[in-house]
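Going down the list, the protein sequences come from chains A and B. Going letter by letter, the first sequence gives residues 537 to 651 in the working numbering. Going letter by letter, the second sequence gives residues -4 to 110 in the working numbering.
Among the hints, a few may not be true.
Restricting the straight-line Cα-Cα distance to at most 30 Å, the calculated cross-link-like pairs of lysine-lysine (DSS-like) are [what the hints assert, rightly or not]:
id : chain 1 : residue 1 : chain 2 : residue 2
1  : B       : K52       : A       : K633
2  : A       : K605      : A       : K558
3  : A       : K558      : A       : K613
4  : A       : K632      : B       : K4
5  : A       : K585      : B       : K52
6  : A       : K633      : A       : K613
7  : A       : K632      : B       : K78
8  : B       : K66       : A       : K585
9  : A       : K585      : A       : K632
10 : A       : K594      : B       : K78
11 : B       : K78       : A       : K585
12 : A       : K585      : B       : K4
13 : A       : K638      : B       : K78
14 : B       : K65       : A       : K633
15 : A       : K638      : B       : K65
16 : B       : K4        : A       : K633
17 : A       : K632      : B       : K66
18 : B       : K4        : A       : K638
19 : A       : K632      : A       : K594
It is worth saying that the hints were derived from the structure and are not from the lab. Note that the structure is a prediction, hence the values are computed from the model and not measured.
Listed below are the residues making up each chain.
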Amino acid sequence: AQSVAQPEDQVNVAEGNPLTVKCTYSVSGNPYLFWYVQYPNRGLQFLLKYITGDNLVKGSYGFEAEFNKSQTSFHLKKPSALVSDSALYFCAVRDKKANDYKLSFGAGTTVTVRA
Amino acid sequence: DGGITQSPKYLFRKEGQNVTLSCEQNLNHDAMYWYRQDPGQGLRLIYYSQIVNDFQKGDIAEGYSVSREKKESFPLTVTSAQKNPTAFYLCASRRYLSGRTDTQYFGPGTRLTVL
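From just these sequences and the hints, can you work out the full model?
This is the structure in structure tokens:
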């Protein structure tokens, strides 16, 4: 079985401050991990993914995420948040052992960046 | 969202009616997926298809049906058996490469409301 937890329903930060959105995962094998962003009434946009290799993954719009196997975490970070980063963020996981290629998504974290 | 279209954007259904949501992709992707999004619950998988003329149930398939007669099209029918169909429906597609995982890309979504 595979699952994802996003422990914070909401994250509020001031523009220019660092932004962190937390994600922990559970898989029986090794994970593939993804972050997506959703703006109101829109589909999900892909930000970045971890497949293998370097634990620090860089993605779109200045976002990055760090894979930590010992803590089973994949937190999303941005050094300096913008008001336009306000959106709903989803973490997703797939177990490398699974051959059905299904993703499991977290419940989402709403990010609000105030000017 | 580009490359994946969903129609209509908004759909209203009377109780007891079946409705069909359209999903088309021009990315030449092999695999296609349907998700349901409810507030605070993340995305839940309804059906998925990895090749033409084949599809599998996801986690919440009851009350839904799909077909995959063409590679580029994966329509979803919400039947009258679905007890609570009001939700935001998202279609996704993925290039299918054996032994690797590729990113799922999402359409813009259809918001279904039961009157």
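Regarding the pair K638 of chain A and K65 of chain B, is the alpha-carbon distance no greater than 30 Å? holds, 21 Å
Hint check: K52 of chain B vs K633 of chain A, CA-CA at most 30 Å. Holds or violated? holds, 19 Å
Between K4 of chain B and K638 of chain A, does the CA-CA distance stay at or below 30 Å? holds, 25 Å
Can the restraint linking K632 of chain A and K594 of chain A be considered satisfied, given a maximum Cα separation of 30 Å? holds, 21 Å
Is the hinted pair K558 of chain A and K613 of chain A satisfied, with a Cα-Cα distance of at most 30 Å? Holds: K558 of chain A and K613 of chain A sit about 9 Å apart, inside 30 Å.
Hinted pair K594 of chain A and K78 of chain B, Cα distance within 30 Å: violated, 42 Å
Between K605 of chain A and K558 of chain A, is the straight-line Cα distance small enough, at 30 Å or below? At roughly 14 Å apart (the allowed maximum being 30 Å), K558 of chain A and K605 of chain A satisfy the hint.
Verify the proposed pairing of K632 of chain A with K4 of chain B, using a straight-line Cα cut of 30 Å. violated, 34 Å
Are the Cα positions of K78 of chain B and K585 of chain A separated by 30 Å at most? Between K78 of chain B and K585 of chain A the Cα gap is close to 35 Å, so the pair fails against 30 Å, i.e. violated.
30 Å limit on alpha-carbon distance, applied to hinted pair K65 of chain B and K633 of chain A: Answer holds: K65 of chain B to K633 of chain A is near 29 Å, not above 30 Å.
30 Å limit on alpha-carbon distance, applied to hinted pair K585 of chain A and K4 of chain B: holds, 28 Å
For the pair we were handed, K4 of chain B and K633 of chain A, check the Cα-Cα distance against 30 Å. Roughly 36 Å separates the two Cα atoms, so the pair is violated.
The structure fails to meet hints 4, 7, 10, 11 and 16 from the earlier list, while all remaining hints are met.
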